[in-house]
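Quick mapping for you: the protein sequence lines, in order, are chains A, B, C, D, E and F.
1392 is the number that our numbering gives the last residue of the first sequence; the numbers go up by one with no jumps.
1392 is the number that our numbering gives the last residue of the second sequence; the numbers go up by one with no jumps.
1392 is the number that our numbering gives the last residue of the third sequence; the numbers go up by one with no jumps.
1392 is the number that our numbering gives the last residue of the fourth sequence; the numbers go up by one with no jumps.
1392 is the number that our numbering gives the last residue of the fifth sequence; the numbers go up by one with no jumps.
1392 is the number that our numbering gives the last residue of the sixth sequence; the numbers go up by one with no jumps.
The hints are simulated quantities; they were obtained by calculation from the structure and are not laboratory data.
Check each hint, because a few of them may be wrong.
Intra- or inter-copy, both count: the list cannot distinguish identical chains.
Straight-line C-alpha distance at most 16 Å; calculated EDC-like pairs for lysine to aspartate or glutamate [said to hold, decoys possible]:
1) K1213 with E1249
2) K1388 with D1270
3) K1105 with E1155
4) K1185 with E1286
5) K1291 with E1231
6) K1213 with E1181
7) K1388 with D1111
8) K1291 with E1273
9) K1213 with E1299
In this text the structure is predicted, and so the values were computed from the model without any measurement.
6 protein chains.
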Amino acid sequence: PRSGGIATMFRLPYQKTAEGLDACFVGIPLDIGTSNRSGTRLGPRQIRTESCLIRSCNSLGAAPYESLQVADIGDVSINLYDLKKAVCMIKEAYSKILLTGCKPLTLGGDHTLSYPVLQAIKGKHGRVGLVHVDAHGDTSDEMLGEKIAHGTPFRRAIEEDLVDPKKMIQIGLRGPQYTPDDHEWQKNQGVRTVRVEECHHKSLNPLMSEVRQMMGDIPVYISFDIDGIDPGFAPGTGTPEVGGLTPIQGMEIIRGCRGLNVIGGDLVEVSPPYDPFGTTALLGANLLFEMLCVLPGVKYPTK
Amino acid sequence: PRSGGIATMFRLPYQKTAEGLDACFVGIPLDIGTSNRSGTRLGPRQIRTESCLIRSCNSLGAAPYESLQVADIGDVSINLYDLKKAVCMIKEAYSKILLTGCKPLTLGGDHTLSYPVLQAIKGKHGRVGLVHVDAHGDTSDEMLGEKIAHGTPFRRAIEEDLVDPKKMIQIGLRGPQYTPDDHEWQKNQGVRTVRVEECHHKSLNPLMSEVRQMMGDIPVYISFDIDGIDPGFAPGTGTPEVGGLTPIQGMEIIRGCRGLNVIGGDLVEVSPPYDPFGTTALLGANLLFEMLCVLPGVKYPTK
Amino acid sequence: PRSGGIATMFRLPYQKTAEGLDACFVGIPLDIGTSNRSGTRLGPRQIRTESCLIRSCNSLGAAPYESLQVADIGDVSINLYDLKKAVCMIKEAYSKILLTGCKPLTLGGDHTLSYPVLQAIKGKHGRVGLVHVDAHGDTSDEMLGEKIAHGTPFRRAIEEDLVDPKKMIQIGLRGPQYTPDDHEWQKNQGVRTVRVEECHHKSLNPLMSEVRQMMGDIPVYISFDIDGIDPGFAPGTGTPEVGGLTPIQGMEIIRGCRGLNVIGGDLVEVSPPYDPFGTTALLGANLLFEMLCVLPGVKYPTK
Amino acid sequence: PRSGGIATMFRLPYQKTAEGLDACFVGIPLDIGTSNRSGTRLGPRQIRTESCLIRSCNSLGAAPYESLQVADIGDVSINLYDLKKAVCMIKEAYSKILLTGCKPLTLGGDHTLSYPVLQAIKGKHGRVGLVHVDAHGDTSDEMLGEKIAHGTPFRRAIEEDLVDPKKMIQIGLRGPQYTPDDHEWQKNQGVRTVRVEECHHKSLNPLMSEVRQMMGDIPVYISFDIDGIDPGFAPGTGTPEVGGLTPIQGMEIIRGCRGLNVIGGDLVEVSPPYDPFGTTALLGANLLFEMLCVLPGVKYPTK
Amino acid sequence: PRSGGIATMFRLPYQKTAEGLDACFVGIPLDIGTSNRSGTRLGPRQIRTESCLIRSCNSLGAAPYESLQVADIGDVSINLYDLKKAVCMIKEAYSKILLTGCKPLTLGGDHTLSYPVLQAIKGKHGRVGLVHVDAHGDTSDEMLGEKIAHGTPFRRAIEEDLVDPKKMIQIGLRGPQYTPDDHEWQKNQGVRTVRVEECHHKSLNPLMSEVRQMMGDIPVYISFDIDGIDPGFAPGTGTPEVGGLTPIQGMEIIRGCRGLNVIGGDLVEVSPPYDPFGTTALLGANLLFEMLCVLPGVKYPTK
Amino acid sequence: PRSGGIATMFRLPYQKTAEGLDACFVGIPLDIGTSNRSGTRLGPRQIRTESCLIRSCNSLGAAPYESLQVADIGDVSINLYDLKKAVCMIKEAYSKILLTGCKPLTLGGDHTLSYPVLQAIKGKHGRVGLVHVDAHGDTSDEMLGEKIAHGTPFRRAIEEDLVDPKKMIQIGLRGPQYTPDDHEWQKNQGVRTVRVEECHHKSLNPLMSEVRQMMGDIPVYISFDIDGIDPGFAPGTGTPEVGGLTPIQGMEIIRGCRGLNVIGGDLVEVSPPYDPFGTTALLGANLLFEMLCVLPGVKYPTK
Ligand SMILES: [Mn+2]
Ligand SMILES: [Mn+2]
Ligand SMILES: [Mn+2]
Ligand SMILES: [Mn+2]
Ligand SMILES: [Mn+2]
Ligand SMILES: [Mn+2]
Ligand SMILES: [Mn+2]
Ligand SMILES: [Mn+2]
Ligand SMILES: [Mn+2]
Ligand SMILES: [Mn+2]
Ligand SMILES: [Mn+2]
Ligand SMILES: [Mn+2]
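In isolation and in its complexed conformation, chain A is listed as follows (with noise of 0.2 Å):
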C-alpha cells in the first residue's frame, strides 16, 4: 500500500549514480542561505514522503516511465555550515550528473541553489531560457552584505551569462518590496516580468503560448519556488506572500512548457516545519511530476 514502504521519491527506485538515467530526483538540503524563516534543508524528505501517495500517470494522460528512464539519486552532500563551499558542492555533484545525459529535476532547499545548479548546466548545455515562478525577483544585488543567498541567484545568474535575459520570464512577482520597484535591473536586462496582478482571476495557458514563442528551441529550466503559490495552498515556505498564484496557475505554468526543449527543473523553498501534514511537499511533489511530464520524449495519448 501506498502507506507502506521507503520514501524514495514517487517510489522509485534509489540509486547512486545519474548512469543510465533519462531524468532523475536529486534532493538538495539547503536552508541557510534563507533570509526569513529557516527549514528547506527538511523540503526534499518531505517532498519524498508526500510524493508516495503520486500514481505513474498524469491527468492528461502522459506516462512518464514508460518514455523515460527515471531514478532518485538521493541527495547532494553538502556543507552546512558553510554557504559559499555549499554552493561548490553542489556545482560539482551537478556537473557529474549532467555528464551522464540525465537531466536533474531537483527537491529543495533554499533558492540559493539553482545558481550552482545553473552553473553546472551551463557547462553541459550552454546559456539556457528560464521560466521562473516566484514572489520574488531574486536578482538582488547583495542580501546582508553577501553576493551569495536565496535572494540573488538570478542576478549571478544573468551576470555570469548562465541564461538568457530575453529568454527569461518571471512569474508571480508580488509583496511588499525594498524600494519602489525591486523588479527594475532585470527589466533593464530584458527579463519579462509578469506581477500577480496579471495572473488574476484567469488562466494562465495564453500567457503560456506566448512563452513558448519567446523560447523557441532553446534549452529551457525551470526554476519553481513554492512562495509564487499563495500561502493559503502553500504555507509551508519561509517567505510568505500573500495574493498568490493558485495551485491551477502552477500546474498551467508547467504544462504549457510542453514541447519547449526543457533540460531540468527545480523545485524550491518548501519548508515542512510551517506545514507539519504537508500539503505544500504534496503541491511540490505533484509539480515535480508535471516537470516530468514535459520532459522531452514523453508520450501522451494521441486524441
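Given the coordinates of chain A, work out where chains B, C, D, E and F with the ligands should sit on it, guided by the hints.
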C-alpha cells in the same frame, strides 16, 4: 452560546430512530476502506462539533427547519475490523431508516459507505441519478485485490444497477492516475465525467443547469467527497489532490440541485487528524446544510 | 535580519503617544465580545510578529514612510473582565489619539472595538463613510440579550449617527443566518450590502470604482473583519464562514480606497490560536500595510 | 465503536435536568474570566469528545455506574458578554441541580466558576472543606480592578464563608509571582498551602493521608485546575506554569479523597485551542472519572 | 548531513530480503486492527524519518553495527481492506525472514501484528518468553465480536502456545477498564502483570533483575506498545492512557533485557497524525535502537 | 493585560545599549550553526512573546527588579549567510555590552553563540567556570569538516582557555553517540560530566551543593541548552534526545547556582517552528528569569 452544549449535528435534537422525521443526519465512523491516510472514522464527530456554528437559515433564505422535521439520529454501529461485515451493517441500518420515509444525509466516514447506502436506497427508491463530486472516479474494479474499498463504490453501484449511469455525473476529477485514463470504464457506461480543468476560473452554475436537464424527475442522490475541493481549503482528507474545486464551486453544485427530486446525500472523507482546527469539517457541515436546503419541500423566500 | 529584533508593527519605532505622527498603529487585545471561538486578544501580538516580514514599499510603488510620520504606539489598556468598561476605555484612548491629528490604524481584537473607535472618530471628524468587509453584517440589535458585542457594532454606530448609512458598504456577506435575511435592517437604512455571491470568480476593481463614486469627499473609515476572507486563506478567526473573498479581492478593496479621504481603519478578528504559523496574521499585516498606503498624502510613482 | 456516536460525557445518557441522579456531569463554557490566554469556553466540548475513550471501571476496580445513577445534563446557559451576570446564572443553575440531591461534577470553563458553584453549594451543604489543586492560589483581591475573575474565586469564597479555610488545602502552587509571597493572605486565614517544590520526585499518598485527617466528616469539594499539572502533560491551558505536578500525582490527590464526604468537584481551565489533539482534555476527563469514583457510595472490589 | 538522504531506518542500507543479515528492521503499515484512533499505518514511515537523527553507538557504548550485520528490509506488503488476510500475509513474510536466521525488529503498525509475528517466531524458535510493555493487557477474547484486533494478540498467542505465560511479563498496565479487573485472565495463566502504580517515582532496574531471573535461557521476544509511555511524552498513539511510564523507564526496561536470549522485538502503535513533529516516533526509534543494542552478540566497552 | 503590549523580554523597557544596566536580556537570532533541524533564529522572538506571562518575583521570593537595573536591549545584528562572520559580530557586540559592566543573559539562537560570548567574557572577566546543561557535550573538534558549529563551542572554549575545565560541569549528557564515548576528550581535560542516567528519579539539589563547592569564587557562566530537558517538556528544539532532565531539575540546577559569582548566562536552542504554542519557549523564559534571580545582588526574603 454556540460554544456550549452537547455537539449534535447543528445542535438538533437527538433521537434513536428516524421515526417521524422528514430528514435525518446520521454518521458512519468508517475508515477501514481507506487506501492512503486514515482517520475518517472520526469525521462524523468532528463535523458535528464544527456544525454547532451553523445557524438556521441558509444565505439564500431557506429555512429548512420550518418546512421539515429534522433530527440527528447518531451513528451506525459498524464492525471496525471487517469491512465486508461493516458494509452489510450499513445496508441494513439504512434500510430501516428509509422504511420510515425519512431522507438520510450522511456524515462520513470513507467513501466505501456510499455503496451500501445506495443498496439500501435502491430498495426504497429504485435506481437513482447521482451527482458525484470527487477528485477520484471511485470506479476501480479492485483495490489490492479487494472488491470493496473506498475506490470501488461506484463500480459496484453501476454493476448492481443501483445508479443509472446515464443519469450520473462526476465533477472535479483530477490527479495523477494509474493509467492514461482512469475514467474510461464509466465513460463507456455513459457517465458524464467533468474533469477539474473544465471547472477552473469560473462559476459552475451553467453546468448545473445542464445537470438539472439531464436528471429530470428521477430520484437523485448526492455523494460529495470532500477531496473534490482543493486541499488548500480542505486539507483534512486522506487522499488530497492538488488543483481542486473551490468551496464556492462546491456550494454552486449543491445549490444547483435545487428543484431535483433529491432523496439523500452524503459528505464523505473528512479526516480530522489532518485538520485539527476543523476547517474541513466546517466546510463539510456547511455542504450538508446546503444539501438539507435542497431537499424537496424546503421553502425559499419569494421575491 | 528580519528574524531578529523586538516585534513592533513593521519594525517601526515604538512611542508612547501619537504626538507628532501622521499615522499610528495601535492594538486592542480584546476578545470578550466574541460569540463563537475566542482568542483575538492575542491578535495584535501575532500581527506584529508576522509584520516583521513586510518591507517598506508596497508593490504598486507606494513608499509610505517617505510621505508620512508613522510609529507603533502599543496597545490600549483595557478591562478584560467587563466589556462595557472596556468599550469606554477604548473610546477615551482613541479620543486622545485623534486629538493629536494622527490617523489610527487598529490591530484587533474582536469587532466590538469598531464601535468605540467610531465614537471617538465622530468627535474628531463627524459622521463618516464606511467600507466594511466582513462575512457578517454585525448589525444585530442584541446578542444573548446584550447591546454590546462583536455582532452589534454597526447597529450601534448607525443608531448613534457615527456612520452615514448612505455612505456605507458591506462586502463579503454570507453564511448561514438566523433569519431568512439578516441584513434587512441595514438595507432599510440605505446601506449597500454586497453578498459574496456577487464577488466570486472576478475582480472587485469595478465595484470599488462605484464605491469611490459613492463616497465622494466624506471622511472614510475602513473596517476589515478578516473573516470576510475565505477560511482557506484565513483560518485564524473565531467565526469562519466558508466561501469567502480571496486575499486578492481583499487587496483590491483596500487599494480601491486610494483617492478617498481615509481617516482611519481597523483589521479585526485575527485569532492566533487557530493559526499557529501566522498565515492569517500575515495577511492581516499586509492588509494594514495597504491601508497605510491609501492614506492621503502617500506618494506613488508617476509613470 | 468508541469513535462513533454523539459525544456526551463518557457516552452517558443525556438528560435535561439532574432529577433522579446521584451525580451529574455539567459543563460551563466560560472564558471571560481569563487573564492570559482564553479558549476555555470550548473546554466542556473537548473534554466530552476525549471522554469517549474512557471505559466503565477505574483501574482500582471501582464501577461507579453500578453504584450510582449518573448522566450528562449538558451545559449551563451563560451570558458570554457580562461576567457578573454569568456568575449569577451559574449560581442559580447549580442551586437547582443541588436541590435534586444530585452531586455536580463540573467541566470548565475558567476557574471563576468555582465561586458561584460554591455559593450554590453553601445553600445545600453549608460551609465545605476544599481540596484545591492549582499552580495559582486564586486568592487575589482584584484583577485589573475587578472583584470577579479567574484569579479571585477563593478569596471571595473565604470572605463569604463558603469554605472553611482551616479545612482547605492548595496543592501545586508555583510560578513567578506578583509579590515575594502571593499566598500570604490565605496562609493567614489558616489555609494549608503546598508548594510544588514539596511535591517533586515523590508520591503524594502520604500528603493525602494528612488531608483525610484534616477533613474528617466535613462535606468536601474538589477544585482541580488543570494548570496544577506540568505543561508538558497539560499544555492546553491559559496560564501554564513550568515545573508542575505529574498526572500521576494528580491521580493520587483525587484517589486520596476516597473516604471523604465528597459532595462535588470541578475540573477547570482546559483550553482546547492550545492542545488540538486533546491530550489535556483526555487528562481532564480521566480526573473527572476519578472524582466520580471517590463519591461516597461507589463500591470497590474487596480483596 | 542528517537532514539529507533517503529515510531508511537509521540511514542503514536498504535490501529486499533478510539474506545475510544478523538483524533487520522491517515495517508493517497496519492500522485496521485499531479500536479508537487510527493512523498507525504511517508509523513505519515516520519512525524511519525521525530515526535519521540517531547515531551509531548507544550511550552505554554499544556499537551494534560493529558486531552485527544490519539493514532495513522495507515493509511487509499487506492487505489494507481485510485484517484476517493481512495477518496471514504478515505470518508468511516473517516466516521467510526467520528462515534466513535474521532477527526481526519491527516498526508498527498496530499491535495486532504481534500475533502473526509470534506465530512465525514459534516456527523458528518454539515457544518464547515475552517482555510486554503496554498500557493495556491486549488479552481480550474478542473486540466487537472479532477474534483478531489490536486488543487480542496476546490472548491468541497464549491460547496457541506461542508464548509461555509463566515467562511473560506485562509492564505499565493502567487506564479505565471494561471490568473491575481486565487482567484476570492472564494472571490466571501465570502471567506477571505490573500495573503502572507499581512503577511510579522510581527506577525499574530492580524489576528488570527479576525479569532476567524469570526468563533464564528461553528465547525472549520484546513487544513494546508506545502507549505504555505517558501521553505527555508519547502523544502520537491511538489509545492514550494518562499516568504512564516515563521514557527513562522505557529505556530501563529494554536495557534490562541485556543478557537475555532476545530473538526479536517490535515497537508498535505510533500514530503519526497525532504527533506531527515526530516526538513519539523519535522515542520509538530510540527504543528500537536500544532493542538492537541488547541483541546477543553486541559488544559493550569493558570498563 | 498580559495579552497586550509590545513583546519585550518580561515586558521590560527596551533600550538600545547596555549603558546603565546591571543586567540585560539580549537575543541572537542564529541558526546556521545547527546540524539537524533549524529554526532557532526565531527563538529570541518566541521567548520574548511567551515571557510576557512572567511576573516580577520568583517563587522563592526573589524580586530582581528591586535589586537590579534590567532591560531588554534587543538582538545582536548578525550575518545570516556566513557563520564565521556572525561569530565575529557576536564577539564584538558582547565586548561592548560587557564594557558597560552589564551582565548579559542571552536568548538563543543555536549553541554556536556560546563560543563568541565566552570570548568576549574572557576579555572582561578572564577565564570562567561553566555550568553547562545539555544533552550533548558540544566538544566535537569538527562538524562536517568545520571548526565552528553548534557541536563545537566548548572544544574551542577550552582550547582557547576561555573556560577552566576543572571548573566546568556538564549535566544531562545522553543520546546515541558517534563513538562509544563522545565525552572522552573533555573528561581528559578535567571536566565533570554528569550523564542523565545519574540524574533520573531524584532531586539535583545535592549535585548543586557539590557544584558550589567546586566553583568557589571564580566567575561562573551558565550555558543552558534547552535540549538538556526531555523532549516531552521541551519539544521545540532541533536535536531532541529522549530521556532527559525534567523542568524541575532544570530549575534546581539554576537555583543551585545562587551564591556563586554568576557573570552571565545563555538559554539556547529553542526552535519555535517545532513548538507552535510556545511551551518550550515559556520554559526557556522561566529559566532565564531564574538566571536573573541568581545574579549576585538579588535580595531574597529573610525568613
Ligand atoms: Mn525564490
Ligand atoms: Mn520566493
Ligand atoms: Mn471518493
Ligand atoms: Mn476522493
Ligand atoms: Mn465582524
Ligand atoms: Mn465577521
Ligand atoms: Mn491556575
Ligand atoms: Mn485556578
Ligand atoms: Mn497494545
Ligand atoms: Mn496499548
Ligand atoms: Mn548544545
Ligand atoms: Mn544540545
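State whether the alpha carbon distance between K1388 and D1270 is at most 16 Å within one copy, between copies, both, or neither.
Between copies only: 14 Å across chains, 42 Å inside a chain, cut-off 16 Å.
For the identical chains here, do K1213 and E1181 meet the 16 Å Cα criterion within one copy, between copies, both, or neither?
within (12 Å within a copy, 45 Å between copies)
Intra- versus inter-copy proximity for E1273 and K1291 (alpha-carbon distance at most 16 Å)
Neither. Shortest intra-copy (26 Å) and inter-copy (29 Å) distances fail the 16 Å Cα cut-off.
My question is about K1388 and D1111: at a cut-off of 16 Å on alpha-carbon distance, are they close within one copy, between copies, both, or neither?
Only inside one copy: K1388 and D1111 sit 14 Å apart there, 46 Å across copies, limit 16 Å.
Homo-oligomer pair classification [E1231, K1291; C-alpha up to 16 Å]:
Neither: 35 Å inside a copy, 39 Å across copies.
Quick one: K1185 to E1286, C-alpha cut-off 16 Å, is that within a copy, between copies, both, or neither?
neither (40 Å within a copy, 39 Å between copies)
At most 16 Å between CA atoms: does that hold for K1105 and E1155 within a copy, between copies, both, or neither?
Result: close neither inside a copy nor across copies, 22 Å intra and 24 Å inter.
Have a look at K1213 and E1249 and pick one of within, between, both or neither, based on CA distance no larger than 16 Å.
The answer is within: 15 Å in one copy meets 16 Å, while 47 Å across copies does not.
How would you classify K1213 and E1299 at a CA-CA limit of 16 Å: within, between, both, or neither?
neither (27 Å within a copy, 54 Å between copies)
Hints 3, 4, 5, 8 and 9 from the list above are not met by this structure, while the remaining hints are.
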